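Enquirer: Chains as they are written, first to last, in full-length UniProt numbering: chain X, 1 to 320; chain V, 1 to 532.
One or more hints might be untrue.
Counterexamples of contact, computed for chain X against chain V with all Cβ distances above 10 Å [what the hints assert, rightly or not]:
| id | residue |
| --- | --- |
| 1 | L23 |
| 2 | S144 |
| 3 | A192 |
| 4 | V201 |
In silico SDA-like cross-links for lysine to any residue, where the CA-CA straight-line distance does not exceed 20 Å [what the hints assert, rightly or not]:
| id | chain 1 | residue 1 | chain 2 | residue 2 |
| --- | --- | --- | --- | --- |
| 5 | X | K179 | V | D403 |
| 6 | V | K25 | V | K44 |
| 7 | V | K387 | V | D403 |
| 8 | V | K97 | X | V201 |
| 9 | V | K336 | V | P276 |
| 10 | V | K44 | V | K238 |
| 11 | V | K71 | X | D203 |
| 12 | X | K179 | V | G126 |
| 13 | X | K179 | V | R139 |
| 14 | V | K97 | X | A211 |
| 15 | V | K97 | V | A83 |
| 16 | X | K179 | V | G134 |
| 17 | X | K179 | V | T131 |
| 18 | V | K238 | V | M251 |
| 19 | V | K71 | X | K179 |
| 20 | V | K44 | V | D182 |
| 21 | V | K470 | V | K366 |
| 22 | V | K293 | V | G312 |
| 23 | X | K179 | V | G135 |
| 24 | V | K469 | X | V201 |
| 25 | V | K71 | V | D32 |
| 26 | V | K366 | V | R479 |
| 27 | X | K179 | V | A132 |
| 28 | V | K97 | X | H206 |
| 29 | V | K147 | V | D98 |
| 30 | V | K97 | X | G209 |
| 31 | X | K179 | V | K147 |
Covered by chain V, per the in silico footprint, the following chain X stretches (three or more residues, Cβ under 8 Å) [stated by the list, open to error]:
| id | stretch |
| --- | --- |
| 32 | 175–187 |
| 33 | 193–199 |
| 34 | 208–219 |
Calculated from the structure, these hints are not laboratory results.
For clarity, every value in this text was computed on a predicted model and none was experimentally measured.
In this text, a Cβ means the ideal position worked out from N, Cα and C, and glycines have one as well.
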Amino acid sequence: MTAISRRLTGARGSRQGMWMLPLLIALAVALWLSLETAQFLNGENLLNLVPQAMPLVITAVGQMFVILLGGLDLSVGSMISFTTAVLALGGPAWVLIPAVFALAALVGFSNGFIITRFNVHPIIATLSTQYILLGITRVLRPVSGGTVPDIVISAVAGSFLGVPMPVFWGIFILAVAWKLLYGSRFGLHLFAIGGGVSSGVEDAAHNFGIADRRNIVLAYVICSCFAALAGVFLAGRIVSGDPNVGLLFELDAITAVAIGGTQLSGGIGSLHGTVIGALVMALLANGMNLTNVSPFIQTTIKGAILLLVVALQSRKKMGL
Amino acid sequence: MVARAAETRARATEFPERSGACFVKTLVEMSDIRKAFAGTAALKGVSIALQSGSVHALMGENGAGKSTLMKILAGVHQPDSGAILLDGRQVAFHRPKDALEAGISTVFQELSLLPNLTIAENMFLGREPTTAFGGVDHRRMRREAGKALAELGLTLDPGTLVSMLSIAERQFVEIAHGIMTDASVFILDEPTAALNAADVEVLNRHIRRLKDEGKAVVYISHRMDEIFAICDTVTVLKDGELVGTRSLAEMTPAALIAMMVGRELADLFPQRGDAPGPAMLSVEDFRITERSKPFSLELRRGEIVALAGLEGQGQQRFMRSLVGQYHPFAGRVAIKGKSLPLPVSPGGGVRRLQAMGVGFVPEDRKEDGLFLGLSVAHNIAAALHSKRSELALAAGYQRQIADTMSSLAVKASGPGAAVGTLSGGNQQKVLLGRYLAADIDILLVEEPTRGVDIGAKSEIYRLLRDFAKKGGAVLVLSRETVELIGLCDRICVVHNDTIVKQMPAADATEHNILDAALGANGEASGAGGERR
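The shape of chain X in the complex, shown without the other chains (with noise of 0.2 Å):
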């Protein structure tokens, strides 16, 4: 089981954790759609597919900076619903834009803090943020409706030099998380310091020097942001505020992002990988609902993927 498991998961040599079974897993998903229904390999089930993954794309690429240094967001599905619905408040665009973003850096930042000054677990303290923010998105909107303003709209919807826009969210998305994480000190720093809780030396990273608390907090306050940035890219998408539309995201982007071989115990993982991730959930997603398998299944289902990724990984602190 040991041998399986760090075969699935094991980065001896590498700290990218074992991103390229997840990504035959995703090309054998593909494969087996292809064979088994005739909806999938046509084009506008193939274009959809972007569109419906990047959300997903967007959060978990959030969630693996957190999950990197040992830590779960698991807010970040009320703040998706949460920022569908403050679009949907109604107000000129230059308001709205800006307010959701300011609103989830303050979220972001009221977990980190918590966790780094008050030592409350991450679990228990995003936890606590998830029914906050669900309370208060369901007072501003206790069912779906209202709208958007029309540039969030156009801006998911529409296309840019015949390009259809979520191509370029992809480019953007992507640029941002690798410049922050290959590309900065920060990255660095999340790494060893995830890599210190993981081995079990809380302080080895504050020993070298490193701002861990701020590290810490400006990671909670980038996994928030992002998404908050899938949650305007859904609004474009529904056209509306939803309550319920980031239900249960959190779970979809920690499976993600563990699929892709980032280790949840930290310090192990990588950009790519949590990619692939997400798009093996996408890829899944897209073939239960082909062969018409009841949406209450496919909860149950990815629960059970979930678990079994978790299962196979060499976990330490954590204890997840």
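Fit chain V to the supplied structure of chain X, relying on the hints for placement.
Expert: Then chain V, alone, in the frame of chain X:
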């Protein structure tokens, strides 16, 4: 910087004492350092001066304060009082990074590199060079790290993850880190504990190089042969106090051991028991690891037997393999004639042993032994409860609890007081009381008096002796040799995962225990090949 260099020159001419080619000057002076942990004094006013171009051995028994002193110099701990002078200037280190920046590099027993970063990243962590675009300049990091590694004659790729390195290589990387930061003081805390003979040779070569370059090296080790092979000066600590500093040229191993011992047996201990009865616990052909030599041990009724030896020589692993916390390689264990299959399962080990009448008192009473937030009564009754079925109604056990508290003279406001509020000695009594209240007749005790004041120590010794006199048997593991001599009937000295010597405690002295524990008589000088 210039001023400092000038001052250094001035100091050097002021003290024109020559040793070989370079000037000897005092790089670091620690004076009257005091440090207490949770009320227990670890250092009671220790002073030490480190000279350039010299390897300074730091010796003393376990718990003498060597590591604490060096952790203070490395910025891990802060002293309660005393001064650290660096090049004659007083400094204060608040965290390890401060010490590193001041030129003090440390290789600790427990390594401090991050396993998921590369060698180069570890060496530059916290002060990475950046490129024009604000990214980390990996190329420069690798180049400079490679240079530092090459200086040590290492051919490691700086892009290798530290998790891929052997322990020896990690230590060399830490030394290279020190070289790259231009450290002037290198602290090596038992660097050879995990090295094989060939790596020790390489390490010694590196140490001599550092010495030739005029660095000051502090070398903590228990191995006599190494100390005499590479060190120039030795400072001996005992019980947190300075015994003395000598030049090794004028010392012999015997004289050094005498320095480390030299203390009178305190009048703390109860009278020893009569002739022991039949065997309660017998261990045969026990091998802790694959490579260790087999040994046998018998614990008899009415007897207190000690496991002595230097830290980490296997005595704790042996004790813990009896309760299932460690998987030994091989051996046969019988408790009161009933054989105990090895390995003992970690889940049910302690519980099963309790059913057989064996109690295990772990070293760390706060973490492993007691439920600090629960009452004295709950803590004492825990072992009583564990003998009953899980679903049985909990019995009150008021009488047993009251009896235990009064017979052990536990000082607490009452049975309801939380154990965490008691003093260390009383906590330890409660922990012992748990097993004395249950019908236990074999006690396995780790560190019976750690962090306990002298009065309580004496009471605990009396309790253990009474327990043995009433027909129990005790196996004790302790870092304090004096305690073992005074308390026990027989002493088994453990070295290199095996019992190298058994002696009646009445004839034992700290000197001959330390002698056997250091492996000074024959066997250990040849132990180089045996090292793991």
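Enquirer: Hint by hint, work out which the structure violates, then give me just those numbers in ascending order.
Expert: 3, 4, 5, 6, 19, 20, 21, 24, 29, 31
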